[in-house]
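Input sequences plus hints: build the corresponding full structure.
Here is how the chains run, residue by residue.
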Amino acid sequence: MSMNRRQFLKIAGVSTVLGIGGGTVVTGLRRTGLEASQVSPDPRALKAKRWGFVVDVSKLKTDEDYQKCVDACHGIHNVPDIGNPKDEVKWIWKDTYERTFPTTSEDEHMNKELKEKKFLLFCNHCAQPACVRVCPTKATFKRQDGVVMQDMHRCIGCRFCMAACPFGARSFNYRDPRGVDASGRPFIRKENPQFPTRMIGVVEKCTMCYERLAIGQQPACAEASNGAILFGDLDDPNSEVRKVISSTFTIRRKPELGTQPSIYYVIGGTEHA
Amino acid sequence: MLEKALVGSKRYWLWLGVLIAIIGVAFIQYLRQYGYGLGLTGLSRDVSWGLYIGQFTFLVGVAASAVMLVIPYYLHDFKKFSKIVILGEFLAVSAVIMCILFIFVDMGQPTRIMNVVLNPTPNSVMFWDFIVLSGYLILNIVIGWTTLAADRKGVRPPQWVKPLIYLSIPWAVSIHTVTAFLYAGIPGRHFWLTAVMAARFLASAFAGGPALLIILALLVRRFSKFDPGQEAIQAVGKIVTYAMFANVFLLGLEFFTAFYSNIPGHMHPFKYLYTGLEGHGKLVPLMWTSSVMALVSLVLLVFPGLRRNENILAFACISLFISLWIDKGFGLIIGGFIPNMFEGVTEYWPTGPESMITLGVWAVGFLVLTVLYKVAVSVREETAGMPDNH
Chain S
64 MSMNRRQFLK
74 IAGVSTVLGI
84 GGGTVVTGLR
94 RTGLEASQVS
104 PDPRALKAKR
114 WGFVVDVSKL
124 KTDEDYQKCV
134 DACHGIHNVP
144 DIGNPKDEVK
154 WIWKDTYERT
164 FPTTSEDEHM
174 NKELKEKKFL
184 LFCNHCAQPA
194 CVRVCPTKAT
204 FKRQDGVVMQ
214 DMHRCIGCRF
224 CMAACPFGAR
234 SFNYRDPRGV
244 DASGRPFIRK
254 ENPQFPTRMI
264 GVVEKCTMCY
274 ERLAIGQQPA
284 CAEASNGAIL
294 FGDLDDPNSE
304 VRKVISSTFT
314 IRRKPELGTQ
324 PSIYYVIGGT
334 EHA
Chain W
7 MLEKALVGSK
17 RYWLWLGVLI
27 AIIGVAFIQY
37 LRQYGYGLGL
47 TGLSRDVSWG
57 LYIGQFTFLV
67 GVAASAVMLV
77 IPYYLHDFKK
87 FSKIVILGEF
97 LAVSAVIMCI
107 LFIFVDMGQP
117 TRIMNVVLNP
127 TPNSVMFWDF
137 IVLSGYLILN
147 IVIGWTTLAA
157 DRKGVRPPQW
167 VKPLIYLSIP
177 WAVSIHTVTA
187 FLYAGIPGRH
197 FWLTAVMAAR
207 FLASAFAGGP
217 ALLIILALLV
227 RRFSKFDPGQ
237 EAIQAVGKIV
247 TYAMFANVFL
257 LGLEFFTAFY
267 SNIPGHMHPF
277 KYLYTGLEGH
287 GKLVPLMWTS
297 SVMALVSLVL
307 LVFPGLRRNE
317 NILAFACISL
327 FISLWIDKGF
337 GLIIGGFIPN
347 MFEGVTEYWP
357 TGPESMITLG
367 VWAVGFLVLT
377 VLYKVAVSVR
387 EETAGMPDNH
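Respectively, the protein sequence lines represent chains S and W.
For this note's numbering, count along the first sequence from 1 and bump the result up by 63.
For this note's numbering, count along the second sequence from 1 and bump the result up by 6.
Because the hints were derived from the structure by calculation, they are not lab data.
Heads up, some of the hints might be wrong.
[What the hints assert, rightly or not] Covered stretches of chain W (in silico footprint by chain S; criterion: 3 or more residues with CB under 8 Å from a CB of chain S, positions within the stretch not fixed):
hint	region
1	82-90
2	127-133
3	193-207
4	217-227
5	272-283
6	376-384
Beta carbons: idealized from backbone N, C-alpha and C, even for Gly.
Take a look at the structure:
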C-alpha cells in the first residue's frame with residue numbers, strides 16, 4: 064500500500080483524536096470507581112474503602128447457629144457437597160480454636176471452654192493477600208473496596224494460590240461440581256439460578272457476596288448470623304465494626320504473617336474475659 | 007541431522023517401541039484424568055501439589071545441571087569436556103520438556119495455559135518460571151544443534167552462538183533460583199520459608215544432574231562406538247561429589263535451625279518426614295531410604311580410589327540420583343503441605359493413574375533424549391578421529 068502525505072496526515076489526525084478520546088474513557092471509568100462487573104453504578108450498592116468482618120463467637124451458641132451461616136452461603140453460591148474430605152469444596156465452615164489459631168494454641172493449660180469453642184472460618188480478604196501476589200494470570204485480584212475476588216473463567220487451576228494462602232480458605236474443584244456422585248446424587252442439591260456454578264479444575268472461595276453488595280445487601284453469612292457476624296468498613300472510624308474493634312479485645316488469624324486479615328474475632332463469653 | 011534418528015539397530019527401535027507403549031498407556035490415563043478431574047490423583051484440599059510438581063521441581067534441577075559442563079568447557083577451556091558437553095545440553099532439552107509436561111498434567115484447566123502469556127503478571131513467580139524455562143529450552147536446542155551441525159561439517163561453530171552459550175550460564179542458574187522462589191516466598195509454609203532454598207536447589211541439582219549424566223555417558227559408551235571420554239567422566243564425578251557434600255551440608259543447616267530454635271512450626275514438617283507426626287508417617291521409610299542412599303553415595307564418591315572404578319562410580323551415581331529423586335521430587339513438596347494450615351495432618355500418596363501419567367512423562371523425556379543422543383552419537387561416530395574445532 065502506498066499513500067501520499069495528505070492521506071498520511073488524515074489518518075494520523077483521526078488516530079490522535081481517537082487516542083485522546085480513548086484516554087478520556089479510561090480516566091472516566093477510574094473516577095467513578097466502577098468494578099469490572101459493572102457498566103454503571105447502582106445507587107443501591109454498598110460502598111466502602113475496605114470491607115471487613117467482626118465475628119463474635121460468644122453469640123454463636125448452638126450447632127444450628129453455625130450451620131445457618133454455612134447453609135446460607137453454600138446454598139446461594141452453589142457450593143457443591145462432594146461428600147469426601149479429599150475433594151471437599153467449602154467457602155465457610157466451623158472449626159476449633161486450636162485449628163483456627165494454630166500459632167497461638169500450644170498451651171497445655173488452656174481454658175476448657177475456649178478449647179471446645181468453635182469458630183467460623185472463611186476467606187480473610189487480607190489487605191496484603193498472598194494469593195493475589197502469586198496468581199500467574201490475575202484470576203484472583205483485589206478490588207478497590209478490599210474484596211479479594213476469584214475469576215473462575217480465567218483460573219488455569221495451577222493451585223499456587225492454595226499453596227500460598229495461610230488460612231486454607233481456598234478449594235479446588237477436583238471433581239466436576241455440576242456432576243453427580245456414585246449413587247447419582249447431584250453435588251449441588253438445589254441450584255440457585257441467580258449465581259453461576261463452576262466448572263471442573265478451577266479454584267474457588269468466598270467472594271464476600273460481591274453480588275449482594277452490588278444490590279445493597281449484606282453478605283449472606285452476616286444476614287443469617289443473628290448479629291454474630293458484623294460487616295462494615297474497616298477504614299471508617301464510625302462504622303459498627305470499628306466501634307467493636309476499638310472497644311473489645313479481638314484477635315485475627317496468623318497476624319504475624321503480615322497479610323492483614325480483615326476478619327476480627329471476638330471470643331468473649333466468660334465473665335473474666 | 008534428524009535423519010540419523012531414523013536409522014538404527016533393532017535394539018534402538020525396540021527401546022523406542024517400549025517408550026511409545028508406555029506413553030500410550032499414560033496418555034489414556036491422562037484422558038481419564040482430564041475427564042474426571044484431578045480428583046483421580048491423591049491430591050486433596052490440604053495437599054494440593056504432589057508427585058507432578060515434585061517431578062517438575064526435580065527436573066528443573068536436572069536441566070540446570072548442564073551448566074556444570076558448559077562452565078568448565080567454555081569458560082575454562084577444559085578440553086576434556088569437548089565430547090560430553092553435547093550430552094549435557096541435550097539432557098537439558100529433554101528435562102525442560104518433561105518440566106513443561108509435568109506442569110501441564112498438573113493444571114486443572116490445561117487449555118487455558120496461554121492465559122499466563124495473555125495476562126502477564128510480573129508479581130507472580132510462576133510467570134517468571136514460565137519465561138525462564140521456555141527461554142532455557144530454546145537456548146539449549148539452538149546451542150546444541152548448532153555446535154553439533156558444525157562438528158559434523160568439521161568447521162567451527164558460527165560466531166553468533168558464543169554469546170548464547172555465555173548467556174546460558176546465568177540462565178541455568180536463574181531457572182532453578184526462580185523455581186526455588188515458587189516455594190521460598192510463601193508465608194505460612196515453614197518448611198519452604200527458608201533463605202537457603204535456592205542454594206539447596208542448586209547444590210542438589212549440580213549433584214543429581216551430573217550423576218544422571220555419568221550414568222548416561224557410561225550407557226552411551228556401552229551401546230555405541232562413541233566414547234565421551236574416561237577423564238571427562240571422572241571430572242564430572244568430582245563435580246558430583248562436591249555438589250552432593252554442599253547439598254547435605256545445606257540440609258543439615260535446615261535441621262539445625264528448626265530444632266535448635268525449637269519453634270514447633272519449623273520442626274513439624276521435619277518430624278512428619280523423618281519420624282511421623284500425630285501417628286501419620288507414610289513418608290518415613292522413603293525419607294530414610296533417601297538418607298541412607300545419600301550416605302552410601304558420599305562414602306563411595308569421596309575416596310578417589312573407589313570413584314576411579316567405573317562400576318563403583320556408576321553405583322554411587324545411581325544411589326545418589328535415587329536419593330535426591332526421593333528428597334526433592336517427593337519429600338520436599340509434600341513436606342511443605344504437612345502439617346496443613348490448621349496444624350492438622352492430611353497425608354498424601356499418589357494413585358495408580360497418577361503414577362502412570364508420571365511414568366509417561368518420563369517416557370516422553372527419554373524418547374526425546376534417545377532421539378537427540380542418537381543424532382549426537384551418530385555424528386560423533388562419523389567424525390571420530392577428527393580434531394575438535396570449538
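Hints broken by the structure, by number, lowest first?
Checked against the structure, the hints that fail are numbers 1, 4, 5, 6, while the rest are satisfied.
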